[in-house]
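Q: Sequence:
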Amino acid sequence: MQPATSTRRPFFSGLFRHARRLTSDGGKLSPTGQRRRAGSDPRAVVLSTLPAELWIKVFKHIPNYLLLSVTLTCRAFRALAQPLLFASISTHPEERKPSPGVLRVAGQTARYRKRVNERTAFFFSPQICHAVRVCRISLPLPEDECDGDDVVDHIFAMLPHLPNLRALECRHIRLTPLRLHVLRGLELPTMSFDLCFGNMADLAGMPSVPLREVTFKYSDASIAGQASPCPVFLSPDHLETLHATTTRVLDSLASSRVPFTRLRTLELPGECLASRHFIAALARCPEVENIALHATDYLPQANFTLPDGVLPHLRSYRGPHHFAAAFLRHRTAEKLEVSVPCRPASLESSLAKLYGQHDSLSGASNTLRSLSFPLTSADIPAPLLGTIHVAFPMLSALAIPDPALSSSEIKALLNAVPAHYALTDLTLRIQGRDKFNLWIPPAEAAADAASCFGKVRLSLVKTYPSIRHVRFLYGSEGASLHWERSQTSGLFVQVGQ
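Using our numbering, the letters of the sequence shown correspond one by one to residues 226 to 722.
To be clear, the hints were calculated from the coordinates, so they are not data collected in a lab. All figures in this text were calculated on a predicted structure; none of them were measured in a lab. All the given hints hold, so there is nothing to weed out.
Distance condition first, Cα-Cα at most 30 Å in a straight line; then the derived BS3-like pairs of lysine-lysine:
| no. | residue 1 | residue 2 |
| --- | --- | --- |
| 1 | K636 | K660 |
| 2 | K660 | K680 |
| 3 | K339 | K442 |
| 4 | K560 | K636 |
| 5 | K578 | K560 |
| 6 | K636 | K687 |
| 7 | K442 | K285 |
| 8 | K680 | K636 |
| 9 | K687 | K660 |
If you anchor each label on the Cβ, the simulated ranges turn out as follows:
| no. | residue 1 | residue 2 | range |
| --- | --- | --- | --- |
| 10 | P432 | N289 | 33 to 43 Å |
| 11 | Q712 | A644 | 12 to 22 Å |
| 12 | N528 | A449 | 21 to 31 Å |
| 13 | E278 | H694 | 23 to 33 Å |
| 14 | H694 | G611 | 16 to 26 Å |
| 15 | A668 | P351 | 38 to 48 Å |
| 16 | Q712 | P288 | 31 to 41 Å |
| 17 | H694 | D427 | 48 to 58 Å |
| 18 | G611 | I281 | 45 to 55 Å |
| 19 | H694 | L293 | 29 to 39 Å |
| 20 | I665 | G721 | 19 to 29 Å |
Ideal Cβ placement from N, Cα and C applies to all residues, glycine included.
Work out the full structure: start from the sequences and follow the hints.
A: Set out below in structure tokens:
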């Protein structure tokens, strides 16, 4: 008879067995966190035992679906891994598909309500509630279409029992005075609202919820014909970061009697540029340092101009390249991130406006520290990179996530441009064997990336004498390798992925 084989993965089986040997004694930690053996040298035990802090760092790199197995290994691991496993919870599970021939509305069945109540009771239990940092209340349908008022009200009433809650994400819930009263009492720094509406007449006159970071996930079409819920969550005395996908937030900013002097980061859809409230809204945010524009299907003409007195402290811009000069020119620009792939000629034209080729008033050429852009071309033109080297002598970080280049193309590119003596961080995408639509094992893909780095290392140091960090992106799954250069020996060491 063949011995029974375990279905657990060999790597994790070995890890768990070794972990038990290092950290537990029958699943129970000793007072010093070490396992004592008769006749063993206590100093050897100390040297061979991994501290709990190190295990927590290891567990942070394990996906949640595997972290559950870690909590079932022993009581010591359960105590260490459980706070990570339940750091982010969702009160409403995904609605299961009904059986063929059975009609039902998501969220209305007694079985689904029972599942929600059971999950809520578990997450808010004394054993779990202290681990929760992020809570997501996401209904499968808008609450007006679900029979879930009492369930959601019960969840809101239980939120104060999560002592370490730092962020709340709401989707499809109804905003009521009772729930806003609960939110105001929680004093959370971060909240997110996705298609959450309410009768604004009932909320009129109520003080805004004191949030430092708020996200509004509404489209203009979804909010058309309804009162905007944005003013209820925009507190001029507290707001520091605002993310929005609707232009209706501009009305709330522009009509505020008190300026948002704490607001530092502003993320808006590209359609805001065509709104008549855009400049007025920005004028109420005098301390904004970072602005980002979402790329959408509709973008206004590139002749947008920003008055000199608006956003005087702006340092960073992320969005389509067309508007980079409009936001950063005549300001102390430090970071530019182009979020939409563009043609090299178009990017070079936008950069020319930024570094002052057409006028002598721009100071970006001497202040820009970080630049990132993807290209639609099959290569990186040497004239474009050479222009960047000359135009931005103080640039310290350069990232070009697209296109992918082979080692020979990287060497040819670096040898064709003048040296840049201030750059310390470089990110490029390299071309691997996956370009032939082949699946390459991760270990082999990483080895190919390391081989590519070895081929271009000398050219990198020659073109960028001050280089300290190099990151190569590869594959279609977001993999990367990172090298760090020693300041004493000048040698590169691979430090992570």
